[in-house]
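Q: Since the structure of chain A is provided, determine the placement of chain B on it from the hints.
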Amino acid sequence: MTSARETAAAVRSRRVTAVEVAETALAAAASSTSNAFVTLAEARALARAAAVDAAITAGRDPGPLAGVPVAVKDNICTAGVATTAGSAVLRGFVPPYDATVVARLEAAGALVIGKTNLDEFAMGSSSETSVFGPVRHPADPGRVAGGSSGGSAVAVAEGVVPLALGTDTGGSVRQPAAFCGVFGIKPTYGRLSRYGVIAYASSLDQVGVFSRDADDAAVALSAMAGRDPADATTAARAADELGPVPVDLRGLRVGRIADLWQGVSDGVRAALDGVAARFVESGATVVDVELPLVEAAVSSYYLIAMAEASSNLARYDGTLYGLRLGEARDGHEAVARATRAAGLGREVQRRVLMGSFALSAGYADAYAERAARVRRRIADALQDALAGVDVLLAPTAPTVAWRQGERLDDPLAMYVADVTTCLANLSGMPALSLPAGAAEDGLPAGAQLIGPAWSEARLLGWARAVTAKA
Amino acid sequence: MSRPAAPSGPAARRSGYEVVVGLEVHLALRTRTKLFCPCAASGDEAGATAGAATAGAAAAGDGSGETQPNRHVCPVCLGLPGALPVPNARAVELAVRFAAALDCAVPEVTAFARKHYGYPDAPKNYQISQHDRPVGLGGALDLPNGRRVRLVRCHLEEDAGRLIHPTYADHSLVDLDRAGAPLIELVTAPDLRSGEDARAFLEEVRALARALDVSDATPEEGRMRADVNVSLRRPGEPLGTKVEVKNLNSFKSVQAAIESEATRQERLLQAGRGVSQETRGWNEGGQKSYVMRTKEEAADYRYLDDPDLPPIRLTAAWLAAVRAATPETPAALRRRYAAAGLKPDDADRLATDADLSRAFDALVDAAGRAAGATAPAPAAQALANWLLVEVVGWAHAANTGVTALRLTDPGPAGRLAALVALVEAREITGPTAKALLGEVLAGADPRALVAARGLRQVSDAGELAGWVDGVLAAHPEVAAGAREQPKAVNFLMGRVMQASRGQARPDAVRALLLERLGIGDA
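If you read the protein sequences in the order shown, they are chains A and B.
Here the numbering used here is used: the first residue of the first sequence is 1, the next is one more, and so on.
Here the numbering used here is used: the first residue of the second sequence is 1, the next is one more, and so on.
Accuracy of the hints is not assured; some may be wrong.
[Unchecked claim] Stretches of chain B that chain A covers, calculated by requiring three or more beta carbons in the stretch to come under 8 angstroms of a beta carbon on chain A:
| hint | segment |
| --- | --- |
| 1 | 104-118 |
| 2 | 308-314 |
[As the list claims (entries may be wrong)] Across the chosen pairs, the derived CB separations fall in these ranges:
| hint | chain 1 | residue 1 | chain 2 | residue 2 | range |
| --- | --- | --- | --- | --- | --- |
| 3 | A | Leu353 | B | Arg148 | 41 to 51 angstroms |
| 4 | A | Arg60 | B | Ala320 | 47 to 57 angstroms |
| 5 | A | Ala9 | B | Asp132 | 46 to 56 angstroms |
| 6 | B | Thr315 | A | Ala239 | 20 to 30 angstroms |
| 7 | B | Arg150 | A | Pro229 | 36 to 46 angstroms |
| 8 | A | Ala413 | B | Ala299 | 33 to 43 angstroms |
| 9 | A | Gln383 | B | Lys295 | 41 to 51 angstroms |
| 10 | B | Ala89 | A | Ala51 | 34 to 44 angstroms |
FYI, nobody ran anything at the bench for these hints, they're computed from the structure.
Glycine included, every Cβ here is placed at the ideal spot set by N, Cα and C.
Okay, chain A solo, but in the shape it has when bound (with noise of 0.2 angstroms):
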């Protein structure tokens, strides 16, 4: 498997066309089966391929991204290229915009190859509310690849790109990159544009990168990150130098989040103590620390996430773009209801309805408020504990890939396994998940390391050290 830095390297000395490695990456996810990809944008990888080959022949630097293919979740904006969020309501929809991210990843030589599955809007863990229908997991058609973002990780997993773009809301990226034994990071909030990101709960989204290895994750944020003039909400720091830098894990203090070791699948739990063992023999210490309000942390997270999710699916009502359903003549509010019923999925529908409630009169003191408050009380306390250890270690997922189909209709049992990815979101702190062994069944499991805000670099610097040794 050829990583994007040697791909790169390939393609500027010209041991390979950009062309050709469009081609290829294009073949390959056309032959995929597991529903991965829902759009390939074979017009613009060529055409960005042959500007690469071109600009090389010319001797213009082509980018550190030089040829190197890359997939993009189906929720993130490409110009001319359809984006549907994976969602009915969103279907025919082409943007005519690039999101800034992926304008930045083409300016860097990268070629979008294709755009990728998800659930419907970015909500849910399994990437099987898709109108394009369910993702698979690569190494067990009848498991999930995990989600929201599924698609990218298989994308990454089943080779077809060294790397892809997925969005990160309480664990969309980290998630199904443990599942699917990949490399899976989100940045703090801030560091990567949301600009052309469909939103599902803004102050919770944030761009991540799947990737087979840190490297490669961090030459791709860096040719991402940096403050956006078109969102308010990326940081003037955000640029700051992001390659791993060589760690030397002596003195390094590891902290295990121990409330989240709780209910974690044997075969989880025993390749994290893997992962746990080698920070300890690289001369890193393990301590446990406790984490208070971790029980709140879901149900703060969802009606956060349900409340924005309400007020930014609102704009989805048959007038201006994507599907319109029922008579103008009827007026606004019928073309808007009977879009809405047929054009958003039950999950969907679910979350807005809860969100709506939420943040109606006399429910918000009680619902909204109270959970951003708990908010600021959980990120208050991650702080605190960050204040005595280096980096947070925890599992990604308490269990490896469910079987497909098993928890659509049990959503709660969904909603708590993300107690231990939302953290991240909930604080704006940089997390990510890095393959950590076979657990049950042989499926992959994934560890999750959280790190302070804007400390991308030491973070993938450590997870490049203990995967090293894996």
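A: Below, chain B without anything else, positioned relative to chain A:
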């Protein structure tokens, strides 16, 4: 309306009820771009200049369908998936400028919130507005009649689009050129007591918005809109049930709607029926209101702090800079002009017309610069008279605006001031000056004109006597009857001025005429 001022008096009461009015005023901010995206705010290509802004608003305002809709839109103001708002710093500055001038408390942190309502003129199905952290809280505006109107808040928000309902069609059309344009919303306490009061308040707000360069405040172009809340009560009792009346697009409609609504409520109360809390629309043609929605249908806006827009910290230094850059308010202008010796009516007229006040200040400056020890500057009142009567009259007759005369520029202001100085120094007569006004406004130097054409005022007794005696000789019968007919003197004056081609010094001519006719000083 010829009802006397002092509207809190018995005149405002109806069958013993007191009319209580609160207003919500929307002003379109004078910014080049929209509140959250780079699209032109005025719906006009150029957008930047006040003139262009007016033209753009006019094009969008008449619904004639002659202009193309949806020309000034982008992913952000269309609410396309993934698009994000970025606040317009100038809009924030203007809103804070306005709030501070209204003595609102400006918070250290101001924030935007989403106000949810489903309507096709709002492409996101929510409006980005402000909720618990507006740019201004409290404050007050003093009306020229001395009434103080307390304010509840002042906040920034985005405008909605415009719906067009084609005749004989089974659908409506949406024009989003205006969607996302910046608005200020000003909410008053229930401190107004009549339609007349409300009108006076709106006039003062308009004057303030224009003086501060915050808004064109043109209701006829939809750039100033008001909703009114009306209730009745017995004086001293708690507030009665209020009714909101919307869709008021002129000060006249506001006044009429308040009076009409007060009458409606008065009848209900007289009949022993209660007033129900509701929102009513105003039918301009029928001059009456109709029910839009009742309390049961009241919207729940589900306010949400906008997660796309981090709260904005307004530092003390920034606020000080905003205050320093704020032009004078009409109230301050009134005080300054009164202190300069202007008649109250003239002071008020200048204070409430930003264009005139800027021209006047430039004129005073120019006159002051030109003045020396031997030639004092003309009195402020004289300059005001020339500006408000002669220049405004000339501009009106020439079918142009005072702004087009560019009197705020030193050149034109200096030439006009020089003309007035010539009159005031009695070097030329008023009629001569009026005859020269057009040329002076067009760029001619008044001194050069006077010199070249020999127009200096004549005071020489011999020359004056020649003209006077000539006229008396030509009109012996008028001269003879002048003792009984005082008007005859004016006739003879006119003939003398004519004979002198406007150059004879008028007071000397009058004295000489009276002397020759043997009439004592009248």
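Q: Each of the hints needs a verdict: does it hold here or not?
A: Hint-by-hint comparison with the structure:
no. : hint                                       : verdict
1   : 104-118                                    : holds (count 3)
2   : 308-314                                    : holds (count 3)
3   : A:Leu353 with B:Arg148: 41 to 51 angstroms : holds (47 angstroms)
4   : A:Arg60 with B:Ala320: 47 to 57 angstroms  : holds (49 angstroms)
5   : A:Ala9 with B:Asp132: 46 to 56 angstroms   : holds (54 angstroms)
6   : B:Thr315 with A:Ala239: 20 to 30 angstroms : holds (25 angstroms)
7   : B:Arg150 with A:Pro229: 36 to 46 angstroms : holds (40 angstroms)
8   : A:Ala413 with B:Ala299: 33 to 43 angstroms : holds (37 angstroms)
9   : A:Gln383 with B:Lys295: 41 to 51 angstroms : holds (46 angstroms)
10  : B:Ala89 with A:Ala51: 34 to 44 angstroms   : holds (36 angstroms)
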